[in-house]
Amino acid sequence: VHSVEHVLSALFDIAHGAGLSVVYPAWIRHFGPAFLPKLEALEQACLPSMFEIPELASLLQNAGHEGSTIPFVNLLEAFFEAIGTPTRLSQMNLGPETHSSILEALVKHKATGNYFDIQEPDHRRILALMA
Numbered sequence: 001v002h003s004v005e006h007v008l009s010a011l012f013d014i015a016h017g018a019g020l021s022v023v024y025p026a027w028i029r030h031f032g033p034a035f036l037p038k039l040e041a042l043e044q045a046c047l048p049s050m051f052e053i054p055e056l057a058s059l060l061q062n063a064g065h066e067g068s069t070i071p072f073v074n075l076l077e078a079f080f081e082a083i084g085t086p087t088r089l090s091q092m093n094l095g096p097e098t099h100s101s102i103l104e105a106l107v108k109h110k111a112t113g114n115y116f117d118i119q120e121p122d123h124r125r126i127l128a129l130m131a
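Residue 83 in the numbering used here sits at position 83 of the sequence shown, with consecutive numbering throughout.
Each hint should be verified, as a subset may be incorrect.
[To be verified] Derived CB-CB ranges, DEER-like: (1) L36 / A10: 28 to 34 Å; (2) S9 / G95: 15 to 21 Å; (3) P96 / E40: 21 to 27 Å; (4) V107 / E43: 30 to 36 Å; (5) Q91 / G32: 18 to 24 Å; (6) H109 / P71: 27 to 33 Å; (7) A131 / L36: 22 to 28 Å; (8) P71 / S49: 15 to 21 Å; (9) F12 / E81: 17 to 23 Å; (10) G17 / E104: 23 to 29 Å; (11) K38 / E120: 33 to 39 Å; (12) E81 / E120: 17 to 23 Å; (13) S90 / Q119: 23 to 29 Å; (14) K38 / N93: 28 to 34 Å.
[What the hints assert, rightly or not] When the alpha-carbon atoms are kept at most 25 Å apart in a straight line, the in silico SDA-like pairs for lysine to any residue are as follows: (15) K108 / K38; (16) K38 / A128; (17) K38 / G17; (18) K108 / Y24; (19) K108 / I83; (20) K110 / A82; (21) K110 / E40; (22) K110 / H99; (23) K110 / A15; (24) K110 / E81; (25) K108 / G17; (26) K38 / A78; (27) K110 / A41; (28) K38 / F51; (29) K110 / S49; (30) K110 / H2; (31) K38 / S101; (32) K38 / I53; (33) K110 / P33; (34) K38 / D13; (35) K110 / M92; (36) K110 / H16; (37) K38 / L129; (38) K110 / F51.
No lab work stands behind these hints, which were simulated from the structure alone. For glycine and all other residues, C-beta sits at the position ideal for the given N, C-alpha and C.
Using the sequences plus the hints, can you model the full thing?
Spelled out as C-alpha cells, the structure:
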C-alpha cells in the first residue's frame, strides 16, 4: 500500500495520508479476498472506534451496518469521507490523463507489497479502482 502511495506523493506532491485514503480501499478491493482473516480482524478492531465518532456513527447506522452486512471497505471509505480525506484520484484532480504516468512509475519503481508479488496487471487494476 505504502509503495503505491509513495508514487502518488512523488509525482503529484500529495500528502501521505490523503494518498493512503485513496490507495487503501482500492488495494483491499483487489487483494482483500486473499487476506480475508486479516481484513476481518481489522474490521473488528476498527468498527467500535468508528461508532464513537458521532457523525460517522450516524452514517454507519443509516447505512444499515449490522453484523457486516456492508463490506468493510465501504465502511472504511465512509470513514475517510467523514473525516474529509479523498477516496478517489478524481477527488484530487488527477484524471485519466495522469494514469499512464502513474502506471509507468509503479512499474518502474516496482511498487510492491509485503504479502503479494505485484505485477503490472495488479497495478492496472488498483489504478482503475483508485480512479
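Hints and how they fare:
1. L36 / A10: 28 to 34 Å: holds, 31 Å
2. S9 / G95: 15 to 21 Å: holds, 18 Å
3. P96 / E40: 21 to 27 Å: Violated, at about 34 Å.
4. V107 / E43: 30 to 36 Å: 31 Å Cβ-Cβ, so the 30 to 36 Å window holds.
5. Q91 / G32: 18 to 24 Å: Taking Cβ atoms as reference, Q91 and G32 lie about 22 Å apart, which means the hint holds.
6. H109 / P71: 27 to 33 Å: Distance hint for H109, P71 holds at roughly 30 Å.
7. A131 / L36: 22 to 28 Å: holds, 25 Å
8. P71 / S49: 15 to 21 Å: For S49 against P71, whose Cβ atoms are near 18 Å apart, the range 15 to 21 Å holds.
9. F12 / E81: 17 to 23 Å: Hint holds: Cβ distance 20 Å, inside 17 to 23 Å.
10. G17 / E104: 23 to 29 Å: Holds: the Cβ-Cβ distance is about 24 Å, inside 23 to 29 Å.
11. K38 / E120: 33 to 39 Å: violated, 25 Å
12. E81 / E120: 17 to 23 Å: 30 Å Cβ-Cβ, so the 17 to 23 Å window is violated.
13. S90 / Q119: 23 to 29 Å: holds, 25 Å
14. K38 / N93: 28 to 34 Å: holds, 33 Å
15. K108 / K38: This hinted pair is violated, its Cα atoms lying about 29 Å apart.
16. K38 / A128: holds, 24 Å
17. K38 / G17: holds, 21 Å
18. K108 / Y24: Holds - the C-alpha atoms of Y24 and K108 are around 21 Å apart, at most 25 Å.
19. K108 / I83: violated, 33 Å
20. K110 / A82: Cα-Cα ~32 Å, so violated.
21. K110 / E40: violated, 28 Å
22. K110 / H99: Judged against 25 Å, a Cα distance of about 16 Å means the pair holds.
23. K110 / A15: holds, 21 Å
24. K110 / E81: violated, 29 Å
25. K108 / G17: Holds: K108 and G17 sit about 23 Å apart, inside 25 Å.
26. K38 / A78: Cα-Cα ~20 Å, so holds.
27. K110 / A41: violated, 28 Å
28. K38 / F51: Since the Cα atoms of K38 and F51 sit roughly 21 Å apart, the hinted pair holds (cutoff 25 Å).
29. K110 / S49: The given pair, whose Cα atoms are some 35 Å apart, is violated under the 25 Å limit.
30. K110 / H2: Holds, at roughly 12 Å.
31. K38 / S101: With Cα atoms ~32 Å apart, K38 and S101 exceed 25 Å; violated.
32. K38 / I53: Cα-Cα ~24 Å, so holds.
33. K110 / P33: Judged against 25 Å, a Cα distance of about 23 Å means the pair holds.
34. K38 / D13: violated, 31 Å
35. K110 / M92: holds, 24 Å
36. K110 / H16: Between K110 and H16 the Cα gap is close to 19 Å, so the pair holds against 25 Å.
37. K38 / L129: At roughly 21 Å apart (the allowed maximum being 25 Å), L129 and K38 satisfy the hint.
38. K110 / F51: Given that 25 Å is the threshold and the Cα spacing comes to 37 Å, the pair is violated.
Checked against the numbered hints above, the structure breaks hints 3, 11, 12, 15, 19, 20, 21, 24, 27, 29, 31, 34 and 38 and satisfies the rest.
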